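Peer 1: If you want the building blocks of each chain, they are given just below.
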Amino acid sequence: MKARPVLVLGVLALLATGSAIAEVYARHQGRQLFMELTRVEAERDELNVEYGRLKLEQATWAEANRVEQIARNDLGMGFPTARDSVVVHR
Amino acid sequence: MIGLRPGARPPLPEAAPAPGRGATRMPSQALRAATLRRRVQMLALVLVLGAGALVARAFDLQVVRKSFYQEQGEARFLRELVIPVSRGTITDRNGEPLAVSTPVESIWAHPAELLTARTRLPDLARVLGTDAKDLESRLEERVGREFYFLKRHLSPDQAAEVLALGLPGINTLREYRRFYPSGEITAHVLGTTNTDDRGHEGLELAFDDWLTGKPGAKRVIKDRLGHVVEDVELVRESQPGRDLRLSIDRRVQYLAYRELKAAMAENGASSGSMVILDVPTGEVLAMVNWPSYNPNARAGGEISARRNRAVTDLIEPGSVAKAFTVAAALESGKFKAETLIDTNPGTFEVAGHLVRDVRNHGVVDLTGLLQESSNVGAAKLALQLSNEHLYDIFHRFGFGQTTGSGFPGEAAGVLAPPKSWGILAKVTASYGYGFSGTPLQIAQAYAAVANGGRLRAPTFVAGAPGRDNALLDPGIARAVLGMLESVVTAHGTAPKAAVANYRVAGKTGTSRKAVAGGYQSRYVSVFAGAVPASQPRLVGVVVIDDPRGKVYYGGLVAAPVFGKVMPGALRLLNVAPDRLEVQYAGVPQPEPPALDDMPVEAESVEPFADAGATP
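Listed in order, the protein sequences are those of chains A and B. Going letter by letter, the first sequence gives residues 1 to 90 in the numbering used here. Going letter by letter, the second sequence gives residues 1 to 615 in the numbering used here.
Hints listed in this document are in silico derivations from the structure and should not be mistaken for laboratory results. On a predicted model such as this, the values are computed, not experimentally measured, just so you know. Hints are not guaranteed to be accurate.
[Unchecked claim] Below, computed lysine to any residue pairings styled on SDA-like, alpha-carbon distance capped at 25 Å:
| hint | chain 1 | residue 1 | chain 2 | residue 2 |
| --- | --- | --- | --- | --- |
| 1 | A | K55 | B | Q239 |
| 2 | B | K261 | A | E41 |
| 3 | B | K513 | B | V414 |
| 4 | B | K133 | A | N65 |
| 5 | B | K334 | B | L471 |
| 6 | A | K55 | B | R242 |
| 7 | A | K55 | A | L33 |
[Said to hold, decoys possible] Over 12 Å on every C-beta distance to chain B, these chain A residues come out as not near it, computed from the model:
| hint | residue |
| --- | --- |
| 8 | P5 |
| 9 | V6 |
| 10 | L7 |
| 11 | L12 |
| 12 | A13 |
| 13 | T17 |
| 14 | I21 |
| 15 | A22 |
| 16 | G30 |
| 17 | V67 |
| 18 | I70 |
| 19 | L75 |
| 20 | G76 |
No residue lacks a Cβ here, since even glycine has one placed at the ideal position from N, Cα and C.
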């Protein structure tokens with residue numbers, strides 16, 4: 001008769017303690033994961049930045065005027081004239 | 001609420017027996033016990049009161065005023081930080097970048113804190129490239145504030161140099177800056193962004209919401225100096241800006257710009273524009289203007305050079321409009337392609353004004369009218385048409401209303417309602433005076449003719465064709481297109497618009513510029529054309545304003561630009577040739593005659609013979 005409530009109380013206390021520890025653990029883990037996320041995001045941003053810079057650099061090198069100058073002056077290239085082109089029928 | 005005041009002493013128990021009283025004289029066991037009990041009771045009372053006070057205070061702090069203290073505490077170390085996002089990239093139709101945002105560092109300071117290191121300000125000024133005195137006075141002015149931009153948009157290397165000085169109260173903020181690798185070639189179409197990376201002009205402005213991301217927010221713990229100690233949680237996820245793929249083809253754009261610029265220099269013109277549309281979809285493949293500016297340099301340059309003239313500047317279309325007059329004439333049923341019109345003797349009096357051709361073209365059919373660009377012929381067609389009909393044809397082809405391209409600041413042009421037209425207004429409208437349109441509107445109208453009479457609103461976005469409305473009988477559209485082919489021949493006004501191996505249909509225009517009180521001897525040279533004429537893929541419009549060279553006719557100034565840009569554009573876009581006299585594999589081909597030797601017919605340009613008169 002008297003042992004029962006004590007048992008229930010003990011179990012509840014144990015559960016409460018367990019839940020408290022779990023809560024602390026979950027928070028800790030959440031923080032760890034958030035730090036990891038922040039780190040990975042920063043890495044992603046850096047890579048994106050690098051990618052953007054490279055794209056910009058590529059576009060600058062591939063600027064039509066520059067390509068044309070090199071093709072014409074350095075490589076002696078030119079547009080094919082009507083005389084050079086042939087029509088191929090399929 | 002009772003609180004235990006710090007420093008308040010617990011009251012002394014009154015039980016301490018005072019010397020010289022009866023209790024000391026007659027000490028007895030019972031009395032002693034009673035005294036002790038009272039003392040213990042008093043002590044217990046004090047302890048209970050003290051504990052009660054503590055509990056009450058704890059209750060006050062933890063429950064009653066909890067939110068207040070929590071807020072105050074967090075306000076001292078928790079900060080919400082904005083997570084910056086980059087603006088979306090703008091690419092051309094093939095994915096080549098046209099506008100890219102790349103991060104830069106902005107230096108900001110806490111003025112009061114920075115001023116504690118006053119002696120080192122000259123070092124900072126040197127790195128920032130500013131004047132030390134000026135810097136100090138600027139800081140002092142803002143000493144009450146917590147945030148002041150010292151310099152924005154430094155390269156990461158420069159920012160690192162500033163931080164290396166180790167001055168107090170200095171921080172960096174990552175921001176984004178826009179770069180335009182194609183520079184002046186795409187400057188007008190793209191527009192620019194402001195310092196905060198928001199759209200300011202052009203398509204950057206039109207698609208600002210699409211390109212701009214949503215900055216996120218995170219909560220961090222910061223120390224007294226503002227350094228982030230720990231990231232706590234994500235408040236709002238950031239959403240980077242979306243990319244935008246334009247209908248522009250960078251290569252075609254470059255060709256158009258190069259040739260337009262060359263034509264500007266050659267003719268000493270004040271400005272010019274070229275628009276190339278993809279006929280089936282209405283996509284803008286190229287839109288260039290001269291003068292242009294470098295969008296990567298934030299300041300400088302003339303304001304007028306920043307205008308996208310192809311959509312903002314209005315011109316009277318001049319003879320280019322005759323194609324629509326002829327279409328209206330065919331629609332009316334009163335004329336057929338073969339109908340002969342007597343333009344003798346090259347002048348024609350209407351309502352007391354003289355309509356004049358450059359020379360007497362004699363008797364011409366509608367093809368000849370367009371080929372030789374006869375004002376008299378167009379005037380005679382107009383007299384047979386109602387005001388409403390002529391108005392309607394221009395209105396249907398988009399004059400007097402914006403194209404719906406969505407370009408900021410697009411001009412609608414002026415097309416007065418037909419009720420207000422007198423006979424003279426009708427006649428002058430038939431050869432393109434008295435109403436106005438933008439180069440883009442003219443391109444749109446010619447694309448509609450080239451597209452079998454179906455008008456499609458031009459669009460700047462790849463793969464998003466605009467609405468398409470049938471507004472002209474396909475047979476009539478085809479007939480007009482056929483007539484326009486005669487213009488780009490040795491006998492027409494625009495042999496220089498010819499493209500080897502392709503059939504070209506087009507029309508020249510040269511209009512005198514209207515000024516207050518009449519027309520002056522300044523001209524706008526126009527050419528509008530479609531290629532390949534058998535199944536048009538491209539429509540190009542060239543407008544050259546105020547050519548100051550020896551020639552000013554559209555056929556000599558504007559048409560050659562078309563003739564130089566289109567071969568490259570057709571090749572880049574893999575459009576099959578449709579004029580196959582120039583031939584098969586292995587057969588030697590005759591060199592086409594040099595264009596410069598071809599006779600070029602002058603065309604009619606005057607609104608009236610007495611050019612000073614108001615229309």
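Peer 1: A separate judgement is required for each hint: does it hold in the structure or not?
Peer 2: We went through each hint and held it up to the structure:
1. A:K55 - B:Q239: 21 Å, holds
2. B:K261 - A:E41: 46 Å, violated
3. B:K513 - B:V414: 15 Å, holds
4. B:K133 - A:N65: 45 Å, violated
5. B:K334 - B:L471: 19 Å, holds
6. A:K55 - B:R242: 16 Å, holds
7. A:K55 - A:L33: 32 Å, violated
8. P5: 27 Å, holds
9. V6: 27 Å, holds
10. L7: Given that every Cβ of chain B is farther than 12 Å from that of L7 of chain A, nearest at about 31 Å, it holds.
11. L12: Given that every Cβ of chain B is farther than 12 Å from that of L12 of chain A, nearest at about 23 Å, it holds.
12. A13: 22 Å, holds
13. T17: With a cut-off of 12 Å, T17 of chain A remains clear of chain B, as the shortest Cβ separation is near 21 Å.
14. I21: 21 Å, holds
15. A22: 19 Å, holds
16. G30: 8 Å, violated
17. V67: Answer for V67 of chain A: violated, closest chain B Cβ roughly 9 Å.
18. I70: 14 Å, holds
19. L75: 18 Å, holds
20. G76: It holds; G76 of chain A is separated from chain B by about 19 Å at its closest Cβ, greater than 12 Å.
In the structure shown, a violation is registered for the earlier hints numbered 2, 4, 7, 16, 17, in ascending order.
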